[in-house]
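K.L.:
Sequence:
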Amino acid sequence: MDTVEQVKQILAKRVDISSLTLESSLTDLGLDSLDLVEIMIEIEETTGIEFDNEEIAHLHSLKEVVDLINAKKNK
Numbered sequence: 519m520d521t522v523e524q525v526k527q528i529l530a531k532r533v534d535i536s537s538l539t540l541e542s543s544l545t546d547l548g549l550d551s552l553d554l555v556e557i558m559i560e561i562e563e564t565t566g567i568e569f570d571n572e573e574i575a576h577l578h579s580l581k582e583v584v585d586l587i588n589a590k591k592n593k
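Just add 518 to wherever you are in the sequence shown, counting from 1, and you've got the numbering used here.
Keep in mind the hints are simulated off the structure, nothing from the lab.
Treat the hints with care, as some may be off.
[What the hints assert, rightly or not] Pairs of lysine-lysine, DSSO-like flavour, derived with a Cα cap of 27 Å:
{"no.": "1", "residue 1": "K581", "residue 2": "K526"}
{"no.": "2", "residue 1": "K593", "residue 2": "K581"}
{"no.": "3", "residue 1": "K590", "residue 2": "K531"}
{"no.": "4", "residue 1": "K590", "residue 2": "K526"}
{"no.": "5", "residue 1": "K591", "residue 2": "K581"}
{"no.": "6", "residue 1": "K526", "residue 2": "K591"}
{"no.": "7", "residue 1": "K581", "residue 2": "K531"}
{"no.": "8", "residue 1": "K591", "residue 2": "K531"}
{"no.": "9", "residue 1": "K593", "residue 2": "K526"}
[Unchecked claim] Beta-carbon label-pair distances, calculated as ranges:
{"no.": "10", "residue 1": "V533", "residue 2": "T565", "range": "16 to 24 Å"}
{"no.": "11", "residue 1": "E541", "residue 2": "A589", "range": "26 to 34 Å"}
{"no.": "12", "residue 1": "D585", "residue 2": "V533", "range": "30 to 38 Å"}
{"no.": "13", "residue 1": "N592", "residue 2": "D550", "range": "27 to 35 Å"}
{"no.": "14", "residue 1": "I559", "residue 2": "M519", "range": "29 to 37 Å"}
{"no.": "15", "residue 1": "K593", "residue 2": "G548", "range": "18 to 26 Å"}
Note that the structure is predicted; figures quoted are calculated from it, not measured.
Where a beta carbon is used, it is the ideal one built from N, C-alpha and C, also for glycine.
Please take these sequences and the hints and turn them into a complete structure.
P.N.:
Next comes the structure, spelled out in structure tokens:
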């Protein structure tokens, strides 16, 4: 499963992803900072990749989440 689909599955547990695009704003989906932290923790558990709070604080779109995961995977 690719990173986009993996993140979409995690997001689908919390929000309607029927109109989700890579450019979708996380706040427009109704996610607040606590939701984002919880989502990133689930992503950490799923992928084995760790994120620090500074990285999470700068995430505003699905594309930014996916890009961060892919960048960490390639290290």
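K.L.:
Indicate, hint by hint, whether the structure satisfies it.
P.N.:
Each hint, compared with the structure:
1. K581 with K526: Holds: K581 and K526 sit about 11 Å apart, inside 27 Å.
2. K593 with K581: holds (18 Å)
3. K590 with K531: holds (24 Å)
4. K590 with K526: holds (18 Å)
5. K591 with K581: holds (15 Å)
6. K526 with K591: At roughly 18 Å apart (the allowed maximum being 27 Å), K591 and K526 satisfy the hint.
7. K581 with K531: holds (18 Å)
8. K591 with K531: holds (23 Å)
9. K593 with K526: Holds, at about 23 Å.
10. V533 with T565: 16 to 24 Å: holds (20 Å)
11. E541 with A589: 26 to 34 Å: violated (18 Å)
12. D585 with V533: 30 to 38 Å: violated (20 Å)
13. N592 with D550: 27 to 35 Å: holds (30 Å)
14. I559 with M519: 29 to 37 Å: violated (19 Å)
15. K593 with G548: 18 to 26 Å: violated (32 Å)
Figure legend: structure checked against the earlier numbered hints; hints not met, in rising order: 11, 12, 14, 15.
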